[in-house]
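Undergrad: Note that the protein sequences, when read in sequence, are chains A and B. Residues in the first sequence are numbered consecutively from 1, following this note's numbering. Residues in the second sequence are numbered consecutively from 503, following this note's numbering.
Derived from the structure by calculation, the hints contain no laboratory data. C-beta atoms are modelled at their ideal positions from N, C-alpha and C, and glycine is treated no differently. Hints may be right or wrong, so weigh each one.
Think about it this way: if two alpha-carbon atoms lie no more than 20 angstroms apart in a straight line, the pair counts; the simulated EDC-like pairs of lysine to aspartate or glutamate are [said to hold, decoys possible]:
#, chain 1, residue 1, chain 2, residue 2
1, A, K389, B, E552
2, A, K449, A, E433
3, A, K119, B, D631
4, A, K495, A, D29
5, A, K210, A, D372
6, A, K215, A, E94
7, A, K389, B, E588
8, A, K283, A, D372
9, A, K170, A, E94
10, A, K215, A, D29
11, A, K146, A, E174
12, A, K170, B, E588
13, A, K389, B, E587
14, A, K495, A, D214
15, A, K119, B, E555
16, A, K201, A, E107
17, A, K474, A, D243
18, A, K170, B, E587
19, A, K144, A, E439
20, A, K144, A, E190
21, A, K110, A, D125
A few chain B residues that don't get close to chain A, going by computed Cβ distances all over 12 angstroms [stated by the list, open to error]:
#, residue
22, G505
23, L512
24, I524
25, L528
26, G534
27, D535
28, I540
29, M549
30, I564
31, I571
32, I644
33, S711
34, R724
35, Q761
36, V804
37, N810
Per label pair, the in silico range of CB-to-CB distance [what the hints assert, rightly or not]:
#, chain 1, residue 1, chain 2, residue 2, range
38, B, E555, A, G95, 16 to 24 angstroms
39, A, G95, B, D675, 53 to 61 angstroms
40, A, G118, B, A793, 50 to 58 angstroms
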Amino acid sequence: MKRIASHIRSVALAALATAAFGAAAHSADLRIALADDPDALDSMTNRAQTGITVLTAMCDRLMWTDSKLTLTPGLAKSWNWSADGLTLTMDLVEGAKFQDGTPFDAEAVKINIERYLGKGSQRADDISTIASVEAPSANKVIIKTKVPSAQLLSKLAERPGIIFSPAAIKSLGENLGRAPVCIGPYKFVERVAQDRIVLAKDTAYYDAAKYSFDKVIFRIIPDDAVRLANLQSGELDLMEKLDPSNAASLASDKKLQILPITVLNNQTLVLNFNFNGPMQNPKIREALEYSIDRQAIVDVAFAGQYQAGNQFAAPDSPFYNSKFPVPARDPAKAKALIAEAGIKGPVPFTILVPNRPLSVRVGEMIQAMGSDAGFAIKLDVVDFATTLKMTDEGKFESWGPIGPQFANDLDTVAFAVLHSTGGRNLTRYKSPEMDKLLEASRTATDPAKRIEIFKEAAALAVKDRPVLYLYHQKPLFVAKAGLKGFHTTGDGFPKLDGLTLN
Amino acid sequence: MIGFLIQRLLVAIPTLLIISVIVFCLQQLLPGDPALVIGGGEATPAMLAEIRERYGFNDPLIVQYWHWITSVMHGDFGVSYRTREEIGPMLAAKIPVTLHLALAAMFISLIIGIPAGILAAIWRGRGWDHVVTITALSGISIPNFWLGIMMILVFAVNLGWLPASGYVSPFVDPWASLKSITMPAIVLGTALAAAMMRHTRSAMLTVMSQDYVRTARAKGQREWIVILKHAFLNAQVPIITLATLQFGTLLAGAVLTEQIFSIPGIGKMVVDAVFNREYQAVQAVTLLSGAAFVLMSLLADVLYFWANPKLRSKTL
């Protein structure tokens, strides 16, 4: 018996020693869990948010935005606009090299921007105001625009600001995303689809001293509970997308820290103006708005972690028009408006809901609230890819909750949804007044004037209600308590400079 | 025997072709447009048209099928339009993972299911039989995802004995590999063991009422020889059928288990492919699953030969 006990003790000690060795062996690695498998690691075609997370760890951008959406230098160390707002001159960092050892220069920037404008690019629309790119010297780039373009700098601080090695572009062509080569602190090592992406420190990077990890390992763990369990068991250092309902229970866990961030985004109920139904009547749209308690949605579905809102910008944003605060729920007023519209009995109305647990939760709450306020709401829950097809073909009455997840400029969340030619205008909303305002916002290079224009556009959207803004997400990251220096770009992606793990 | 095997392999070719046609047609019925999934909500009509042209979505179905099947015959399964990775190498990387998980789960299923089934048959209607039956029912009834998450909480989060998720190849680090495969294999294997136990029990009960078993006992043979040699060897055929079917299913990918434990196997790949409307990847995996079933059915036939001397003497 003693011998058995002794064996057990030996095995346990060996296991502990192995665990300790394992921990020591990985101390210079940063292990981050992603909720989805990224798509191609090429910012020209990228769509998935997780793809940008990986690219942000790997690649510098021409400029960055900080958490207050202020532009900060990146590969462009300074820039200025000409007096007429049609010429942007950028001075580039000197001595930088791509991860394949080739030198970085203005010609590389020109090649990349022309690639982003070219065939097959998903970014062409973002920077469509660019007329030409010139490289008069190795460290100077001149971009000429067709019209003054207030949003262009923000776009260059987003995906179109990532500069890939021209040699890699040439050799890999449209398969660049398999093994991207850019300028940044970590270079691509390997990818195992649906499992992991491994990056290693590029010691030749010009600012390498600011980065403390030798390797960054992204693990793909779609299940919320499993992702969290991995962090709790010590196999991860950082994870994204904590289910808000878990935030309260984690607050008392001293080994972990919750890191909420603020990003420009909104979740809405899109109302199809072309659908022959009750929502074509402005009074019914107003009644629907009064039937919804946005704060209750935030409190119940998202454990109070998100922010209720009724405009494209959040209530604490400088772009928010405070003359139109979030309306309180008023079922009596909703019923009165329905009666005024001359409709008897509950108003039938169908919401197309993406089949995701939190989206369905919100849909069910709107359904329940609507039933108290004179609506008979039906939920049509289908998978996300199908909702894309149905909404593109206009085969829906309303769609939601849905909306842009991240942006570093208000133009991204306002123009695309509300302008009559906007790529995400699924409402088919056409307002000459709104078009004029949004076009003016793109040419207003004076920031104060731009804020006023967006506030006017917000007021018009509140009046016309092509979409009902519901809430603003505050993405939750969770990390080990020893992770210090966590910060993100203005569009919500972790930056690894200054990040340490004790 | 060899002639029989060649004949079966030749029959597999039209079977796989028919499977490929059915899968190709069925997934065209899936709602959703791959161009929209690739381009996203913000894609302009011009971008969508360009995507459809580039990937050949505008071609007639028969042309799309012909392009795909001729490429497959040349060993080219296409490229994922989402990640730009080649599907062939992706599949090649996932097959060993799925095979490892399937073998480990099958091992668990067999070492639990067969002895428990034999014991339940021997003590039919007595305490042990009830215990095994209830355990088997529980094994079938407990959902994989629940058992998986509970095991993660107990063995990874609280005790810290096993990794919560992920996969390590046995050729890279055998000990870490064993630790990474233990929980998924138990989750998958226990559910299979339940069915295996019920099957073994019923096959054993049928055989044990046969005259030759009674004769063996009458000869005064020891009970364990009667059970293992006379009864169990004759009860093997239905057990082989179930085991090979189960193994074929496992090779097609254990979707939930792979999802819970983040194992980069075929199941996880096919789910992602369906949600992203990656038609070529879905077709490749389905074809592979079909091939796995054909191979398993062939293996079952070979095992019948081995298990049943009468079959051997008739055919050879």
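Undergrad: State for each hint whether it applies.
TA: To see whether the hints hold, each was checked on the structure:
no., hint, verdict
1, K389/A <-> E552/B, "holds (17 angstroms)"
2, K449/A <-> E433/A, "holds (17 angstroms)"
3, K119/A <-> D631/B, "violated (69 angstroms)"
4, K495/A <-> D29/A, "holds (15 angstroms)"
5, K210/A <-> D372/A, "violated (57 angstroms)"
6, K215/A <-> E94/A, "violated (26 angstroms)"
7, K389/A <-> E588/B, "violated (26 angstroms)"
8, K283/A <-> D372/A, "holds (17 angstroms)"
9, K170/A <-> E94/A, "violated (23 angstroms)"
10, K215/A <-> D29/A, "holds (5 angstroms)"
11, K146/A <-> E174/A, "violated (28 angstroms)"
12, K170/A <-> E588/B, "holds (19 angstroms)"
13, K389/A <-> E587/B, "violated (25 angstroms)"
14, K495/A <-> D214/A, "holds (15 angstroms)"
15, K119/A <-> E555/B, "holds (12 angstroms)"
16, K201/A <-> E107/A, "violated (26 angstroms)"
17, K474/A <-> D243/A, "holds (11 angstroms)"
18, K170/A <-> E587/B, "holds (18 angstroms)"
19, K144/A <-> E439/A, "holds (19 angstroms)"
20, K144/A <-> E190/A, "violated (38 angstroms)"
21, K110/A <-> D125/A, "holds (17 angstroms)"
22, G505, "holds (41 angstroms)"
23, L512, "holds (34 angstroms)"
24, I524, "holds (21 angstroms)"
25, L528, "holds (15 angstroms)"
26, G534, "violated (4 angstroms)"
27, D535, "violated (5 angstroms)"
28, I540, "violated (8 angstroms)"
29, M549, "violated (7 angstroms)"
30, I564, "holds (23 angstroms)"
31, I571, "holds (23 angstroms)"
32, I644, "holds (17 angstroms)"
33, S711, "holds (43 angstroms)"
34, R724, "holds (32 angstroms)"
35, Q761, "violated (6 angstroms)"
36, V804, "holds (33 angstroms)"
37, N810, "holds (42 angstroms)"
38, E555/B <-> G95/A: 16 to 24 angstroms, "violated (43 angstroms)"
39, G95/A <-> D675/B: 53 to 61 angstroms, "violated (41 angstroms)"
40, G118/A <-> A793/B: 50 to 58 angstroms, "violated (41 angstroms)"
Going down the numbered hints, you'll see the structure goes against 3, 5, 6, 7, 9, 11, 13, 16, 20, 26, 27, 28, 29, 35, 38, 39 and 40, while the others check out.
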